[in-house]
Amino acid sequence: MSNDAALKEPFESLDRQRLSAALGMWIFLASEVLFFGGMFLGMTIYRQIHPDAIMEAARETNVLFGSINTALLLISSVTMVLADKAAEKGLKSAVLAFLAATAALGLCFLVLKGFEYREDIHEHLVPGPDFKLHTPAAQLFFGFYWIMTGVHAVHLTIAIVAVSTYFVRIWRGGFPFEGSAALPVLGLYWHLVDIIWIFLYPLLYLGGRT
Amino acid sequence: MTDAAAIRSAEAKEPPSYLKAGRTVASWLTTTDHKRIALLYFGSITFFFFIGGAAATLIRLELISPEGRFFTNDGYNRLFTLHGVIMVWFFLVPSIPTTFGNFLLPLMVGAKDVAFPRLNLMSWYLNMAGGLLVLACLILGGVDTGWTFYTPFSSMFSNGYVVLAAAAVFVAGFSTIATGVNFIVTVHVLRAPGMTWFRLPLFVWTQYATAAVIVLATPVLAISLLLLMAERLFGLPIFDPAHGGDPVLFQHLFWFYSHPAVYIMVLPAFGVISEIVTCFSRRRIFGYTAMIWAILGIAVIGFFVWGHHMFVAGMSPFAALVFSFLSFVVAVPSAIKVFNWTFTLYRGQIYFEAPMIYALGFIGLFTTGGLSGLFTASLPIDVHVTDSYFVVAHFHYIMVGGSVSAFFGALHFWWPKITGRLAPDRWARFSAILMYFGFNFTFFPQFVMGYLGMNRRYHHYAPEFQIYHVTSSAGAAILAAAYLLPMGYLTWSLFYGRKAGDNPWGATGLEWQTTSPPPRENFVEQPRVDEGPYLYHPDQVAPFEEAPERRQQHDPQGKSDPTRAGMEE
Numbered sequence: 001m002s003n004d005a006a007l008k009e010p011f012e013s014l015d016r017q018r019l020s021a022a023l024g025m026w027i028f029l030a031s032e033v034l035f036f037g038g039m040f041l042g043m044t045i046y047r048q049i050h051p052d053a054i055m056e057a058a059r060e061t062n063v064l065f066g067s068i069n070t071a072l073l074l075i076s077s078v079t080m081v082l083a084d085k086a087a088e089k090g091l092k093s094a095v096l097a098f099l100a101a102t103a104a105l106g107l108c109f110l111v112l113k114g115f116e117y118r119e120d121i122h123e124h125l126v127p128g129p130d131f132k133l134h135t136p137a138a139q140l141f142f143g144f145y146w147i148m149t150g151v152h153a154v155h156l157t158i159a160i161v162a163v164s165t166y167f168v169r170i171w172r173g174g175f176p177f178e179g180s181a182a183l184p185v186l187g188l189y190w191h192l193v194d195i196i197w198i199f200l201y202p203l204l205y206l207g208g209r210t
Numbered sequence: 001m002t003d004a005a006a007i008r009s010a011e012a013k014e015p016p017s018y019l020k021a022g023r024t025v026a027s028w029l030t031t032t033d034h035k036r037i038a039l040l041y042f043g044s045i046t047f048f049f050f051i052g053g054a055a056a057t058l059i060r061l062e063l064i065s066p067e068g069r070f071f072t073n074d075g076y077n078r079l080f081t082l083h084g085v086i087m088v089w090f091f092l093v094p095s096i097p098t099t100f101g102n103f104l105l106p107l108m109v110g111a112k113d114v115a116f117p118r119l120n121l122m123s124w125y126l127n128m129a130g131g132l133l134v135l136a137c138l139i140l141g142g143v144d145t146g147w148t149f150y151t152p153f154s155s156m157f158s159n160g161y162v163v164l165a166a167a168a169v170f171v172a173g174f175s176t177i178a179t180g181v182n183f184i185v186t187v188h189v190l191r192a193p194g195m196t197w198f199r200l201p202l203f204v205w206t207q208y209a210t211a212a213v214i215v216l217a218t219p220v221l222a223i224s225l226l227l228l229m230a231e232r233l234f235g236l237p238i239f240d241p242a243h244g245g246d247p248v249l250f251q252h253l254f255w256f257y258s259h260p261a262v263y264i265m266v267l268p269a270f271g272v273i274s275e276i277v278t279c280f281s282r283r284r285i286f287g288y289t290a291m292i293w294a295i296l297g298i299a300v301i302g303f304f305v306w307g308h309h310m311f312v313a314g315m316s317p318f319a320a321l322v323f324s325f326l327s328f329v330v331a332v333p334s335a336i337k338v339f340n341w342t343f344t345l346y347r348g349q350i351y352f353e354a355p356m357i358y359a360l361g362f363i364g365l366f367t368t369g370g371l372s373g374l375f376t377a378s379l380p381i382d383v384h385v386t387d388s389y390f391v392v393a394h395f396h397y398i399m400v401g402g403s404v405s406a407f408f409g410a411l412h413f414w415w416p417k418i419t420g421r422l423a424p425d426r427w428a429r430f431s432a433i434l435m436y437f438g439f440n441f442t443f444f445p446q447f448v449m450g451y452l453g454m455n456r457r458y459h460h461y462a463p464e465f466q467i468y469h470v471t472s473s474a475g476a477a478i479l480a481a482a483y484l485l486p487m488g489y490l491t492w493s494l495f496y497g498r499k500a501g502d503n504p505w506g507a508t509g510l511e512w513q514t515t516s517p518p519p520r521e522n523f524v525e526q527p528r529v530d531e532g533p534y535l536y537h538p539d540q541v542a543p544f545e546e547a548p549e550r551r552q553q554h555d556p557q558g559k560s561d562p563t564r565a566g567m568e569e
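Protein chains in written order, with the UniProt record's numbering: chain A, 1 to 210; chain X, 1 to 569.
If you are wondering where the hints come from, they were derived from the structure by calculation, not from laboratory data. The beta-carbon is built from N, C-alpha and C at its ideal position, and this holds for glycine as well. Accuracy of the hints is not assured; some may be wrong.
[What the hints assert, rightly or not] Heads up, simulated SDA-like pairs for lysine to any residue below, C-alpha to C-alpha not over 20 Å straight-line:
id : chain 1 : residue 1 : chain 2 : residue 2
1  : X       : Lys112    : A       : Val63
2  : A       : Lys113    : A       : Arg59
3  : A       : Lys8      : X       : Leu121
4  : A       : Lys8      : X       : Gly146
5  : X       : Lys112    : A       : Lys132
6  : X       : Lys112    : A       : Leu19
7  : X       : Lys112    : X       : Ala474
8  : A       : Lys8      : X       : Ser27
9  : X       : Lys112    : A       : Asp15
10 : A       : Lys132    : A       : Val63
11 : X       : Lys112    : A       : Val168
12 : A       : Lys85     : A       : Glu9
13 : A       : Lys8      : X       : Ile292
14 : X       : Lys112    : A       : Leu7
15 : A       : Lys8      : X       : Phe523
16 : A       : Lys8      : X       : Gly141
17 : X       : Lys112    : A       : Leu23
18 : A       : Lys8      : X       : Ile51
19 : A       : Lys132    : A       : Phe115
20 : A       : Lys8      : X       : Ile433
21 : A       : Lys8      : X       : Arg426
22 : X       : Lys112    : A       : Arg18
23 : A       : Lys8      : X       : Thr30
24 : A       : Lys8      : X       : Leu39
25 : A       : Lys8      : X       : Ala192
[What the hints assert, rightly or not] Covered stretches of chain X (chain A as the covering partner; in silico rule of three or more C-beta atoms under 8 Å from a C-beta of chain A):
id : region
26 : 124-137
27 : 147-154
28 : 182-191
29 : 236-244
30 : 338-347
[Unchecked claim] Negatives, chain X to chain A, calculated, CB over 10 Å:
id : residue
31 : Phe71
32 : Asp74
33 : Ala115
34 : Leu119
35 : Leu121
36 : Pro247
37 : Ala320
38 : Phe325
39 : Thr368
Only chain X is shown next, with the shape it has when bound in the complex (with noise of 0.2 Å):
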């Protein structure tokens, strides 16, 4: 994989990078360019991400005082409802698939552009037109059920715009299932000649499973928004107990998409991390084919363990037990990712820039989390803390700590191939730890606060609890300084910014093989592989038996890249 340098160099005349073939802004919202997509959706998923924070800065800052000085009942419980489901399904849920997934996909497996180019672009229309349904919704009075929409508050007497939301989700549904279906046969179509499974990158296989879960999990969540439209709008009784509905029927079709959700936002957290570790300890991902079906194993059983966000909700024991023991069975091959990303680790030259910051930061967060979830999994710890503020401190430590942290990582990491410049190291790594930190500040207190009997969804609590409420709102003002900061330099960087080179991370993967940023097509010719992926070091060779020259060289920032060389003014 180090030939980048004589390709480039027998090219004389490199085509133009994607961002200079069109300019105008047509060019832009009708183009079948993957790259193009990608920062489109990037552009739109980072608006809703900060309308979703706004919304966190708000609640964050009424829970200072116990007695919950700036909004009434309801305008508390609208704010909450509109940070779920604006984070939930325009932030996360599309994230990393539909910018870093759209962007890298076709590159990492050595495509010109994902199968369906036309769907991929109709997909961001769908997820614009599910924007602007959930912001009329927001801009109307919001919706007060709670992201889970739960029947029959949401189809009976909530007061809000639930058809209106639910509409949204719906729609907002129907784009991540048009990504999916493009991953899923891009995937099994157009790798380039020699790309066969057992060599794909970790992310890649990440991406495959999530567009699985997507496409199999999100018409479940479809069904059960459009049952309960019906019933709002239309007065059909489908969850009404009044005539013998069932609302808990509810609860088993959104869990039945909801859960599996979370492993659609944090799979392609674990490639990304896979991707970054790698580059960053200068050793081969331990665990490869584990790895692989550790992906796959957590995509299918993620499905069967949807019960235990209602084990207080009414359900046989024998039910309880069975989803009891299947989400302790889940998190196994999650713990194999994180042994493996150790492992890999273990004895690699580890170098702690931006990415690689973010990615450690990953990893002990996604533990914590994930720790706490087997607490919550276990039937009798589950009863004392449901609907508490451990539950919410468990699934944050998931997704913001797990998925927003490998987000940002993500970011740093390619952010060199996607726009041609360097971040400023040293902002990136401050923010990096502001982030970790400010992180934990936030959502720590919320683990004990919520053990001792916080409830989750109250702005009114008891005075005792003020001290930890206060700690996590100063900690939350931490974490929206570590989110605001790359938004100042990574913009000055694209003006600014040392020019990146193809690979300034001397990093394995196709993707690192064009130029940066690539051109249209991605590849001046078709890449061929005959090699597995990571051979940041000879295999079969133990770590410092290796012979130096060996090893894939690595200097921080790209500073000798060779395929740099004369890149400089």
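This is chain A alone, in the form it adopts within the complex (with noise of 0.2 Å):
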């Protein structure tokens, strides 16, 4: 009965309404790679264009913060495909506690990054008069250390607000979440943003301690 709820128009069988998420979602996150591809071209190109001032600028990132955030989000996609394989065999609870951790995980990122970006402000690393290095180029580091690292936490927070929101729709009872394809493409979407991260890890944090 719950396959028939999730069933929406103009959908006559649910098999085709989960592939067309889940096709919609993978050419949305195509769309998403070319909108983070154009910062990590201008990163390239500005690496190469002055590989010592970027360099130096690399090193002046905290490693201990971003390595921890990588752990937590590895994790919380780990988390995140256990709440699909608990929805596909229906267990409710087991899809509740792995949803909320997955958004725990995404809570606590977010919070750690808060701390970093205190500090690095506390340590004079936004671009401007004040700037902690004296060479120009090392405020390009910054300057797309901060975009980079700002629109990432901005998805991610749309990605627990979205998991969050199911989490309630769930625990609420009524939705239909063993045929509904909400999971799994919520899934990849959480993907994507761990993936961005992983990309983001090392060109950030360990690019500059080679």
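Each of the two chains sits in its own frame; use the hints to bring them together as a complex.
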């Protein structure tokens, strides 16, 4: 019965609907990859033009915060997959537990990122007149640092809100999570946010320390 | 495809049309019906078309005299920027996909709706949010960077509302991405039984290719504008040369979107022309498969030619050579399309009704615009005409002569399907012809004066160019009349136009098999497809050898359409 509830216009079978939702999300992810791609491209080009200044600046990021956050996001992707698998099997309490864990890990990431930002500001790592380093091009690195991590944090916030929304809907009951494509599609988005961080982490935290 | 009448007579009691499925304002603003969303978009883009058009009128008015009588330098800069921003992102990019694409794509593939109806509605609200931002920017005083937002002027020196305008475009970009995702999934998943990929009307193929370009190009515009906004708002040095940043990087990112955006604007027009030319010459499309490969070829190659906008911005000779070569290559599939439309006309039974006149006008204007594109693709000529009126004329021939002509052609062709009424054909033909001549009057002189050295974006100019500017402005007045006329007679036709019947043009395609206007669910029963598109005459038969009774019949203005029997009051 729950499968019928998940079926929506204009579809006539649940399989097609699930396929469409996944396909739509994949296409959107392609769009997202190009969105972040613009920033990665800019960073790559500036690294080529000013290798020394960019390296000098890259040593100023806090590798401890970055590493812990990487671990948190990787674990959150695991719990997201587990929530999805539990939904396939119809295990409501497990779905709720894993969704809660996913959202909580995401939230921990943001909190840690906040502490890291506070430290960055304290150390004058915001581009401007009183920037810590004196090579002009070093500010380019931190220009990208702030934008890239900021845009990533916005994406993560959206993902946390979406996961929490589905948590509440499933918790209240009545949401046909077994048949719905919501969790797999949400999972795809969550993993994208995770994967982007996997690229940001070496770029921003490890690059200067080779 | 002739059993529409049978279906209709079998179905004694028809469901109400989508227009009558709810009459309150709320039923329109919360609708998930792709046809109603198409009309919401139609309202909003018409509004923006006239705002952008008003700016163009003021520009042409200012340029009548060489010393610039009405505006300050700054005011003139804001005027052409506004014209560009509104026309590109709030009219041309969404124009055909969000109106005719939204309305027709599900009908043409035989689906009840697009794959994500609520996302479709959300895309309209996002577009409105972007529209409000651009209006706010306009009311507060506008922006003076040109529609291209080049750094470092836009990020560091401009005193206009750059962030507001960039945010407007950013938000509107999300709206088109939503539409693009929706279209791609709809074509993949919701085709009717028997509607194989190589039975799809070319309009659907162009929408599909356009959607792919939208999804892959728009995010790059979004990120370049976001970087620009971050630099302007927070002083993060991204394109700032003082910190080793590269302003040309912004240009690369911007044109990586904005050149494919040209194809976002013109590919849907190709689809429209393919539908109209076949219908009014009663011929199959010449080279259907070649047309599809040409559409896909343009979509793919279009991604690799952006550098030709930057030949004078500083680029290695090798890169310039490659971009120049690829710009010539992308003309090949466009030429294939023009030749195929012409071959489709060959020995057809051509009916010069309004949609056809718009379509023929499109072919002429697009060819002129395309050939002038080859001039600008070649390095030595491009260096000579860069930033001149030659370039202005070139892209207006493609975007206004091409896309806007096709938009009006589509409007007249599908008007009976959308509203259930026929437009008065004499008036429509008159305005189509007026548009063609008004357009050439406006923009052909710009080729000449551009080549002679008239720079774009200047409102003070050497007196010897005045004759061209006055001619151009006179043409713009004619063009304005040609745009305003349809407002009048199309509105008139809503109340007094003849009832259209299901298929007034005797056209093929699933959208003509349902009622006009279609019901909420599009089709009374799931359509099935067992033959290819454009079957206006039997396959493999030379023109004039076909038995006349086997040809799909067409009467001008649908006077003896069999499906209309008994509908005359």
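Results for each hint:
For the hint pairing Lys112 (chain X) with Val63 (chain A), the CA-to-CA distance comes to about 53 Å; that exceeds 20 Å, so the pair is violated. The hinted pair formed by Lys113 (chain A) and Arg59 (chain A) meets the criterion: a straight-line CA distance of about 17 Å does not exceed 20 Å. For the hint pairing Lys8 (chain A) with Leu121 (chain X), the CA-to-CA distance comes to about 16 Å; that is within 20 Å, so the pair holds. Restraint check for Lys8 (chain A) and Gly146 (chain X): not satisfied, since their Cα atoms lie roughly 45 Å apart, outside the 20 Å limit.
For the given pair, Lys112 (chain X) sits about 60 Å from Lys132 (chain A) by alpha-carbon distance, which is inconsistent with the 20 Å threshold. Only pairs whose Cα atoms come within 20 Å are accepted, and Lys112 (chain X) paired with Leu19 (chain A) is accepted, the gap being roughly 17 Å. About 47 Å separates the Cα atoms of Lys112 (chain X) and Ala474 (chain X), which puts this hinted pair outside 20 Å; it is violated. Annotation: proposed proximity of Lys8 (chain A) to Ser27 (chain X) holds, straight-line Cα distance about 19 Å (limit 20 Å).
With a CA separation close to 17 Å, the supplied pair Lys112 (chain X) and Asp15 (chain A) stays within the 20 Å bound. Annotation: proposed proximity of Lys132 (chain A) to Val63 (chain A) holds, straight-line Cα distance about 18 Å (limit 20 Å). With a C-alpha separation of about 31 Å, the suggested pairing of Lys112 (chain X) with Val168 (chain A) is violated against the 20 Å cut-off. A C-alpha spacing of about 26 Å is found between Lys85 (chain A) and Glu9 (chain A), which places the hinted pair above 20 Å, so the restraint is violated.
At roughly 32 Å between alpha-carbon atoms, Lys8 (chain A) and Ile292 (chain X) are farther apart than 20 Å, so this suggested pair is violated. Between Lys112 (chain X) and Leu7 (chain A), the direct Cα distance comes to roughly 14 Å. Compliance with the 20 Å bound is thereby established for this hinted pair. For the suggested pair Lys8 (chain A) and Phe523 (chain X), the alpha carbons sit about 18 Å apart, so the restraint of at most 20 Å is met. For the given pair, Lys8 (chain A) sits about 46 Å from Gly141 (chain X) by alpha-carbon distance, which is inconsistent with the 20 Å threshold.
Our distance criterion of 20 Å between C-alpha atoms is met by Lys112 (chain X) and Leu23 (chain A), whose separation comes to about 19 Å. A threshold of 20 Å between alpha carbons decides the hint, and for Lys8 (chain A) with Ile51 (chain X) the separation of about 39 Å lies outside it, so the pair is violated. The suggested pairing of Lys132 (chain A) with Phe115 (chain A) holds, with an alpha-carbon distance near 19 Å, which does not exceed 20 Å. The hinted pair formed by Lys8 (chain A) and Ile433 (chain X) fails the criterion: a straight-line CA distance of about 46 Å is larger than 20 Å.
Under the criterion of a C-alpha separation no larger than 20 Å, the hint pairing Lys8 (chain A) with Arg426 (chain X) is inconsistent with the structure, at around 45 Å. Distance hint between Lys112 (chain X) and Arg18 (chain A) is fulfilled; the C-alpha atoms sit about 17 Å from each other, no more than 20 Å. For the given pair, Lys8 (chain A) sits about 17 Å from Thr30 (chain X) by alpha-carbon distance, which is consistent with the 20 Å threshold. Straight-line distance between C-alpha atoms of Lys8 (chain A) and Leu39 (chain X) comes to about 23 Å, which puts the hinted pair past the 20 Å bound.
Restraint check: the Cα-Cα separation between Lys8 (chain A) and Ala192 (chain X) comes to about 17 Å, which is no more than 20 Å; the hinted pair holds. Chain A is given as covering the region 124-137 of chain X, and this is violated because 0 residues of the stretch bring a CB closer than 8 Å to a CB of that chain, at least three being needed. As drawn, the region 147-154 of chain X meets chain A at 0 residues by the rule of a beta-carbon pair under 8 Å; below three, the given contact is violated. A count of 6 residues in the region 182-191 of chain X with a Cβ less than 8 Å from any Cβ of chain A is obtained; the coverage claim is therefore met, three being the minimum.
Coverage of the region 236-244 of chain X by chain A holds [criterion: at least 3 residues with CB-CB distance below 8 Å; count 6]. Three residues within the 8 Å Cβ limit are the bar, and the region 338-347 of chain X against chain A gives 0, so the coverage statement is violated. Residue-level check passed: Phe71 (chain X) sits 35 Å from the nearest beta carbon of chain A, beyond 10 Å. Its beta-carbon lying about 29 Å from the closest one in chain A, Asp74 (chain X) satisfies the requirement of being farther than 10 Å from that chain.
Distance check on Ala115 (chain X): its Cβ comes as close as 5 Å (rounded) to a Cβ of chain A, failing to clear the 10 Å threshold; non-interface status is violated. Against the 10 Å criterion, Leu119 (chain X) falls within the reach of chain A, whose nearest CB is about 8 Å from its own CB. Non-interface status of Leu121 (chain X) relative to chain A is upheld: no Cβ of that chain comes within 10 Å, the nearest being about 13 Å off. The Cβ of Pro247 (chain X) lies farther than 10 Å from every Cβ of chain A, with a closest approach of about 12 Å, so its non-interface assignment holds.
No Cβ of chain A approaches the Cβ of Ala320 (chain X) within 10 Å, the least distance being about 18 Å, so the stated non-interface status holds. Against the 10 Å criterion, Phe325 (chain X) stays outside the reach of chain A, whose nearest CB is about 23 Å from its own CB. For Thr368 (chain X), the non-interface assignment is confirmed: its Cβ lies about 33 Å from the closest Cβ of chain A, beyond the 10 Å cut-off.
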